[in-house]
Structure formats: structure tokens, C-alpha cells
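Chemist: Residues per chain are reported as follows:
2 protein chains.
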Amino acid sequence: MLRLRRVPIDFCGDNIVFIHRNNETFKGSTLDSLSKVEIHGGLKPIYGKVVLVDSEDIVKPDELGLSEAGFSNINLPEGSEVSMVPAPPPASINSVQRKIKGGVLSAREYRAIVSDISLQKYSKIEIAALQVANSSFLTPQEVLAMTEAIAEQQPVMKWNRDIVVDEVCLGGVPGNRVSLIVTAIAIGAGMCMPKIARKAVGESSSAIDVMETLCNTDMEESDIRKIVEEIGGCISWCGGKFSVAPIDNILLDVEKSLSIGMPQQMVVSIMSKAISAGVTHLVVDIPVGMNTLVRTMGEAMRLRKLMEYVGDMLGIDVNVAITDGSEPIGRGVGPVLEARDVMNVLRCSDEAPRELREKSLFIAGRILEFDPRLRGGHGYYRAQEILDSGRALEMIKRLIHAQSRNTPMPLGQLTRDITAPVTGVIESIDGNQINRIAIMAGAPGDAGAGIDLLKSVGDEVEQGEPLYRIHAVKSMEFAFANGLAEGNSGFKISNDLSAQYA
Amino acid sequence: MLRLRRVPIDFCGDNIVFIHRNNETFKGSTLDSLSKVEIHGGLKPIYGKVVLVDSEDIVKPDELGLSEAGFSNINLPEGSEVSMVPAPPPASINSVQRKIKGGVLSAREYRAIVSDISLQKYSKIEIAALQVANSSFLTPQEVLAMTEAIAEQQPVMKWNRDIVVDEVCLGGVPGNRVSLIVTAIAIGAGMCMPKIARKAVGESSSAIDVMETLCNTDMEESDIRKIVEEIGGCISWCGGKFSVAPIDNILLDVEKSLSIGMPQQMVVSIMSKAISAGVTHLVVDIPVGMNTLVRTMGEAMRLRKLMEYVGDMLGIDVNVAITDGSEPIGRGVGPVLEARDVMNVLRCSDEAPRELREKSLFIAGRILEFDPRLRGGHGYYRAQEILDSGRALEMIKRLIHAQSRNTPMPLGQLTRDITAPVTGVIESIDGNQINRIAIMAGAPGDAGAGIDLLKSVGDEVEQGEPLYRIHAVKSMEFAFANGLAEGNSGFKISNDLSAQYA
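Here the protein sequences line up with chains Z and D, keeping their order.
Just so we're aligned, residue 3 is where the first sequence starts under my numbering, counting upward by one.
Just so we're aligned, residue 3 is where the second sequence starts under my numbering, counting upward by one.
In case anyone wonders, no lab produced these hints; they're calculated from the structure.
Please note: incorrect hints may appear among the correct ones.
Identical copies go unnamed one by one, so any copy, or any two together, can satisfy a pair.
To be verified - Derived pair list, reagent style EDC-like, types lysine to aspartate or glutamate, alpha-carbon separation capped at 20 angstroms:
1. 243 - 83
2. 103 - 144
3. 476 - 64
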């Protein structure tokens, strides 16, 4: 028996078990650093990984220390008696091994895997192995099975409406902040659109990061319900007081560490989250471009079919839009800058970036056409009406008020213009590089950091003319971003002027 | 600038960076728990992963804490000024992403990957991704490239001999402790066989674990050289005072966590270690059976060709023996029990397990035939001569004396016989299950723990007759092993007696 102790170290949700090297239970046992163990003493056993400690200041030889997540998971006071035994590998790891060797797994196997993951029986290494194996191929039936397995592990939200819509984008296009505008238009048309989404992971911004510059997004479930009943929608964070799809978050953590795009896993993630959020009708935007997750039409088409199949089997009406992801949409990249663009579109201001307005109307049109009362082909025009009449602006203002307004966040005051090295025509903009520079500048953590694009593809520029402005809040980040932009601005300028006349 | 502090926690070789949540550099930066960082201040930057700490007892807000491996890698005194910046993903991760998508990598790409791994730029998750991707397929050229890349990172031992032999087994067969006997025979024949091997990983024993019950195996390079020059060989641990193939150990750590057999990676591991150890002639034993790493003749044959190709390209003469891995070889499973069997074979005692003697002579014969002076086909008989004349026994005694004898380790005193549930004939023995039970009983950490097999496949047994005896040192392990054996003894007994006459 060991006495429980909290070790105030945050391993990002991992249960880490701290054992003194002279611990009697440990010494001479088959345990080693990084061995997996089962800890008994709480209501249910919890699973974690051992690390050895050489200082009694952290744990004493008769204590068992748990990292912050572990301590909160075991749910016992410090000093409680606990015991530890070696954990066998999770039974479902055999299925992962089969998958690695190229096998096709059954729905039952995916259920066992997901259940073991949710019990923290899998190490991150094992999850990585699963995901890499999955990324080599998954049959449509496997994608469906994994989606259902994840959805089964989490509660489903119920809304008192026949049609509950949502819109999701596979990402990779900087400044592509249509979600807020689409939500405002959809609820302006009387539809129900509870947007419960995650913050940016490996990107410079997200709908939630942008909304957070305007109002609170971290709400209890009861508050979300109240707002949705009243206004028809919300724009709320899925990882705070109210958490949707925790397993999906575990998987995403590992994907983030791998920085590997896995389109089929994205389908699993999107569809399982749609089930949990109680969505009945979903528009999926797949941008195709050189720097997006999906790079060819063929791949986009395969993903569309896969989404449609999984949606049909789960009773979710899926409408896939394959869009142009070749260049940034909008002008700002980073939360505050994107909020400015979004509000300019909603206000129908002259400053509104045209492509952001157009893409928002296009996606909103698809959403509105889910309404059986609307005549086919009229979605876009109905969306335009709602936007131009100011109704969408009114809706976003009501949401901001209901979710409780923030004091406006300022734009980063450290700025630098990146200029054209030669006179010519802008041939292309590398969205990945723009994203990376914005992230280096501090986005999305520093909401005021990011990039303000001043030129688009096809524009003529003179040597020395600004291409974009970097904004940062902190000097270290500012220096990093400048260094990155100097090495590679992300803009390709053709100064062979004859090309224009070709 | 932060002040360096040692945090006495052992993360199994990982550089973990402990940062107080209120650290000024950290707050508002783009860093997050588990972000990868570069730490400057030492001779070379070191790479690590951040975890957040909420207690000033572990690190103060103006300190940067490093786990034991990190502190030893940065090689600076506590209190030194260090700084930290976010580490970009290693450049070679793009190649890993290509491999995951099914690409074939060039030698240059493998060199970059291995170099980044050795600099600790890869997280374990990224290494796992590489290995799972590699396990789906590797061309022979890729196996060669990865082997060479690993070998290039480590020094090569040089011996003053034209022929330096070794023997290696792909594993999975309990009690298969031929290496010690083969080494004794080879050096008895005047060959040079410096066996520098690892301890058991995920298995109940290894040549080194067995040798350690008899004498010291952890020696400095100069001691190893002296013993090899004097006696012609040694049986020494590769992970202690003298370390061969550290990168291979990093890869193996992840493989161990995955508990996934990866035969092609095994080839990389075996061949890169052979280069580093200065081996010129190598016998590789591939046991084929239901419970071994390689389960079919087809797979064994493909591995043989791969070994031969890599060996030819690297100038190592490889001789592959495909052997029967369908049942345990020898009687004991676990270090002390296996040492007993090995010594019985060397003493030509009546107690010597016949199959262990036969397999040792077979493998030793292959080794001896590397000697150009020996007539083809005479290896087995020459090995038999050396064993039966007592010369092999003399050699092992000289090795034990030179490496400095231990006080004999006792057999575990907690014992229990597992008996036949029915009368019948033993149809099969599941080597994996036998291994697992021995590990649960405490092997190889408790040298005296393990399993003593009392019956073989084909034996007739009466109900209640003992099949094997579990030995353990500690009562917790004893209970685990008994529980595991009760659930599944690993023995399959056919009590359909008519089957015998069929």
C-alpha cells in the first residue's frame, strides 16, 4: 500500500505515476521507467505510466505520486491508500497490430479500441501507431465503425428541432473565417445552428479564437441550451466547461504532435462530433489547393463519397462543397484581424474582403437549402438577402450579447511590412507559410498577433511595395516571425512581364 | 534567460523540460505543454519537451528544469544561464510523412532521419510513426539505407582478426539459450567471438541475463578488449559501461512500448549492431512457429534473402538458419533456470536437455564452417568434438573467471506446480504464454524467477501430473504468475486417445 500524493506537473492530460527509486513495491519488481501500471484504490482502476524519481521532495519511498490529470482522474484525497500493479497491454492492441499489418478491423474491434483509449489504457505511442496504421488505408466500413465507436462513448445533445445544421471546413486556407458569417446568416433565416467547435490546433486561428476576441465562448451546457433556444444558435468552445468529444481530443493531440494530415481520420473526427452535437444536416467544405490538407480533385471526390456514405449510415444529411483552396480568403490572418474582416462582411462595409463575403454566401446558401420550404437553387440569394438587410449583423450582435461581450482585444502593436523584392505580378501565395509566420508571431495565443495581407494573387506590385504586415504582441515572437518571413515570404512574384501577355 | 536546475526524475532517456506555469518567457508564448523546444546555453542546443509545473518546489518561475537525461546531456552546472525557443519540427519529418503515405525514401533521407533522432529532435510519437510506417513496407534498399545510417552514427569496433563471428536469434522461443554454448564452442575452436548483446526486452531472459547469474557482464571497452585478446571472446552487455548502438536502443524502446513485432526493423537492428561490433561473419537463427516473430516459411525465406542482401552490401558474410520454433527449447525459462540447463549441456550431464544440446551444435557448426580451413559439412562434428571433450566447458569457465565470478544466484523459493487437468497427450505448448507467465513471476529482473518445464510436446500425462513448476522470489509476482497460469496454462492436452492411433 502506498500513500497518494499530488505532483503538480501538467502532462497535458496524461496520467503519470511518480515512484521513488527506493520504493519497496517497485524495487525488484518487473516495473521499469515508462512501464504501464494500474492503480487501485479509487472507484475504478486508473491507468498510467511510471517515471522514477530520485528526490523525496517530489515523492517519498512510501508514496505514489500522480500528475495533475491523474490526480483528478483518481478522485481521491492526498494520503489515501492506493496500490499499483503492472498493467497488461490493452487487449485491443492485438487489433492495432493486425491493422499495422494491413488488416481490416471489425466494428467490434474498433469499439474495443476506442473503449480502451477512453480508459487511458493506451499510451500516446500506441495511439500514434493506431493512427499511422489507419492513415495507410481505412475501408469506408472501418471509417463508419470508428466514428460510431467514438460517438457511443460520449453523450448526444438533443435539440427540440427537426433540422439542426452545421458547417465544417477541412482547413488549411488562411483567413478562411466563413463560419461566423454563415452561423449569423443561418440563424437569421430561422434555422438552428449550435456551433460547438474547437480552438485552432496547429493553425493560426479558428472560429472560436475569433469569436473569443468579441465575447466569451466557454459556457456551461445549460447556458448553451438557453442561448440556442432563444437565438437559434451559439458559437461556443467544445473543450472548456462543456466538453464534446473528449476521445476525439485525445486522438487529435497525437495527430498534432505528428503534424501529419490524415484526411480519413478527419472524417471520423467530423462525423463523430456531429453525432455528439446532435447535428442532422451538415455542410462540409473541402478546400483543394497546393497547401491544403487535400491537394487533388480526385482525393477530394473520394473524401466526398466517404463523407456521404458515413453520413447516410448515421442518418446525417451531408452536403460536401469542394472549394478553391489555392489562396488565402480574406485579408487578416490571426484572431483580431479575422474578427475585423468578419465584422466588415457582416456590416457590408466597403472594407469587407470580397472573397470572404462570396464564400460565406456560397456556404450559407448550401445550409439554407436544407430547409425543405426553400426552392432549390435559391439558397445563395436568400443568404444574400439576410446579409444585405443587416439581419445577419443583428444576429451576431445578439450572440455576442448573450454570450457576454469582451472588452475589445487590441491588434499587436509591433508591426513590420514585408515588401516585394522585385517589380512584377504575384503568382502565388503559400498559405502554409503565411500560417506558420502568423503562428510564429504569436497567433492564436496572442489574439492580436497575425498577418494582414495587403496584396492578392494576380496583383501587380512595384519593388519595395508592402505585401503584408506582421503584427505581434511580444518582441521575441516578433523577431521569430520576421526571421521566418525574411527567409521565405510565402509570396511568389513573377517579374517576367511578358508572362502577362502570353 | 533562465537558470538551469536539475529535476531528479528519470524519463527513460527523454529530455523533459520543466517550466513553472508563471514563467515569464513561457506565458503568452506559443508554447504549450508537450511543445518541443530547443535549449541554448550549452555547447550544442539540446531538444526536449515542455511540461508545466505548478509548484515552486520543483522549479521556480525564473528557472528551467531538466530531467535526469536532459541535465546530463546539456552538461552544464545547475544555475547556469540557459534560454529556450520553440523547436520547429525536424526537417526530416517530411520524409516520415512521405513514408506514411507509402513513399520510398532515399539513403540521404534515412541519413537525415537517423541524425535528427540521435539529436533527440524526434519525439517518441514521431519515432513510433516512423516505425509503423516502416513496418508496412521497406524495400531492401531502404533496409540497407537505414542500417547504414544507424551504423554511421556510432563508432565501429576493430579486432585484430580476419574473421570475427557472431550468432543472433530473432527470438520468441522460450529457453532457447544456445548463445552461451555456441560462444564457448566457437572460442574453443580458436575463433574470435566477442558477444556484445542486450538484455531481454519483453522476454523472460537473454544470453546476458543468464551470463549475469554466473559472472559480471558490465565491462569497460578496455576490459572487453583484454578478455577477447586473451580468450578469443566475451559475453558482455551492450548497454552499460560500454554502449554499442545507442540509436538502436532508442528505436527499440519504442518498439517495446508498441509490443509489435517488426521483422524488417529487426534486420536493421541486427545488421547495424553487427557493423558496430566489428563482426565479419554472422549466423542468424530464424525460428518459425505459431508463437514466434516469424510464423511462416515464406516470411522466413523473404527475411533470409533480405539479410543476405544487406550483409552482401555491407561486406558481412551472413548465414541464415531457419529453425523449428514450434516448442520451447531446453527446460528452464528464466535466467537461473536457463543457466542450469546451459551448464548441464556444457558439462555433458545426463540432465542436459537434448534439444538444447542439438540446436547448439547445429548453430555452432554453422559458425565453425566460416573457418576456411574446415572441410565443408564438418562443422557439426567439430562442434561435437569440442563440446564432448570438455573444451567448451573449460572456455566458459575461463570467461566466467575473466569477467569475474558472481556468488551463485539462488532459484526462487516460492514454487507451485501447474498440473494436467485431464489425462492425455500434450499437443502443443504456447511459448508466448510460457514467456508471459515467466515474466509475471519476475523474470528476468528476479534472476531466480521463471518456469521449469517438466513435460514436452508428445508426452503422455495423467490427470494431476505436473506440467511445469513456477518459481518466484516475491509474493506479489508469485500470485500474478499463478493467476495467469490458472487462466491459461499454455499447454494443450488432447484427451482423445484415439488420436494417438490415427
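Chemist: Which of the stated hints cannot be reconciled with the structure, identified by number in ascending sequence?
Modeler: 1
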